[in-house]
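Please take these sequences and the hints and turn them into a complete structure.
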Amino acid sequence: MSKFLIQGATGDFEVVIGLEVHAQVISNAKLFSGAATEFGAEPNAQVSLVDAAMPGMLPTINAECIRQAVRTGLALGAEINKFSVFDRKNYFYADLPQGYQISQFKHPIVGEGTITLDLGDGRSKDVGIERIHLEQDAGKSMHDQHPQYTYVDLNRSGVALMEIVSKPDMTSPEEAGAYLTKLRTILRYIGSCDGNMEQGSMRADVNVSVRRAGEPLGTRCEIKNVNSIRFVRQAIEYEAQRQVDIIEAGGKIDQETRLFDPGKGETRSMRSKEEAHDYRYFPDPDLLPIEFDEAFIDAARDSLPELPDEKKARFIEDLGLPDYNASVLVAEKESCDYFEDLIAALVKKTGKDAKAVGAKASNWVTGDLFGALNKAGKSVTESPVSAEQGADLLALIEDGTISGRIAKDVFEIMFDTSKDAGVIVEEKGLRQVSDTGEIEQIIDEVIAANPAQLEQYRAGKDKLIGFFVGQVMKATGGKANPGMVNKLLKPKLDG
Amino acid sequence: MSNIDKATVAKIARLARIKIADDKLEPLAGELNNILGWVEQLDEVNTDDIQPMSSVVDVKLRWRDDKVTDGDKQESVLKNAPRGEYGFFAVPKVIE
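From first to last, the protein sequence lines stand for chains P and F. Under my numbering, the residues of the first sequence are numbered 1 to 495, in order. Under my numbering, the residues of the second sequence are numbered 1001 to 1096, in order.
Some hints here could point you the wrong way.
Unchecked claim - Result set (DSS-like, lysine-lysine): computed pairs, CA atoms no more than 27 Å apart in a straight line:
1. F:K1060 x P:K140
2. F:K1011 x P:K89
3. P:K224 x F:K1011
4. F:K1073 x F:K1019
5. P:K360 x P:K375
What the hints contain is simulated information worked out from the structure, not anything from laboratory work. As the structure is a prediction and not an experimental result, all values here were calculated from the model.
Rendered as structure tokens:
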């Protein structure tokens, strides 16, 4: 891919992007209270007096939220800080009953790390992680339910968030998209955030600036709370062009907070937020520093599953998968789980080595299965064909019971009916004909029925062998073993 | 020496949502300067190589188990709200 540049009237501009991702921590209870975190409850039903900021209520840290932040840091190869501090970030808003958010400012729980982006065609790029800190989420405001009032639901108030801050290492909308995709994959693998952007459990603040090649960093604008990867890409494209237009017209960029309007595909200023930027952070006197030892970090590390990059390397190395298939499979944990279950079952059924069947099985999963799922609008966990059933089908190809061509028809029926491959093959009589005598007999009939083509073939037009193969397959309803047809046909044609 | 002027007092008051009459700003600036001046005497102490103190008692942060032990008290939560509707707090419209 060529470098992403905005072409202005006076020259090219580079775009510099950094992302702050708010990821809701998976935990049963909130960061500082015992109220539940589950999505979709009755309004204010999952609110303790701590979350409602009633006077005299004190926060007590949830151990699981600390553990999840440490696990996330480890999964991003980041430095873990055994000492970190909670600060108060002061601002007023109707859905923030405390009048401040408990966050971490000077001493975050996780320091610098790295995330490797997959940019397609085997290309990759490392993007730095600046820090991860723990903080409380705010409540939810609804402005459209009543003409005079805003309705506030505090169920989300106090739920733990990880703010994952990248370095300004990205230079195109695609890289920002790849960053979010990869980060979400990792968070889902380790189970520290469900990554559901539609429900708001993962949201991104996007920092964008532009500069002419070789110049120092430009003034940045922050686009708040963008809630899909597609919108992040659109917001960056719009914002970068807007900044270039201002600079080329002789203007200067004001550092400001902006909002992305998905309907109009544009960003606009949130002037009201400007004054509130003076957060007056100070250490929260209600909370002592978070401290833990090496053993706590080790236990968190031991709890991590195989991560996507490691899994991909293993798929390529040990199972002989093409790079592309491996990338597609590791992108979603559920896809990997399906594929690994299928391989395990296939190895058991065929007695063959995993490496001998790995590439073929990955082609089937990423091609036939994902194609059909996509068409049906289903996810892999909703597949009408289980991994075990998929392995049955592939095992039938491996042992020569059916051809690859017939397998596609069998799969279609499996997908529609969830029946086992073996049952379908028997019911429809699709068993591949591998009996030498039977195939020879059909070949003889085909040759006898096409004397003209035989003459041309013998006169040197040897490409006509394809015609004869086709006729034999047709005569057998596609069930003849193609390898055997080829082997038996040639000597007979040659006479 | 710190120097808090009238404009700074007005800004702090605005950020804290405290209404202060114009004629009170100047006297408050004087009071705040006095307080800060008093605290600044601490600058005379050498604090190189001394960790910031986070507590006056020698205890560690207590951690809680990840268990749901609270909530399910919509009525109590809304009890003191000036206005509640359909289980929500209803506040004067705040919109961008």
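Comparing the hints with the structure gives:
1. A threshold of 27 Å between alpha carbons decides the hint, and for F:K1060 with P:K140 the separation of about 33 Å lies outside it, so the pair is violated.
2. A hinted pair counts as satisfied when its Cα atoms are at most 27 Å apart, and F:K1011 with P:K89 qualifies at roughly 17 Å.
3. Taken as a hint, the P:K224 and F:K1011 pair is honoured in the structure, with Cα atoms around 25 Å apart against an allowance of 27 Å.
4. Among the hinted pairs, F:K1073 with F:K1019 is inconsistent with the structure: their alpha-carbon atoms are about 34 Å apart, more than 27 Å.
5. For the given pair, P:K360 sits about 22 Å from P:K375 by alpha-carbon distance, which is consistent with the 27 Å threshold.
The structure is inconsistent with the numbered hints 1 and 4, although it conforms to all the rest.
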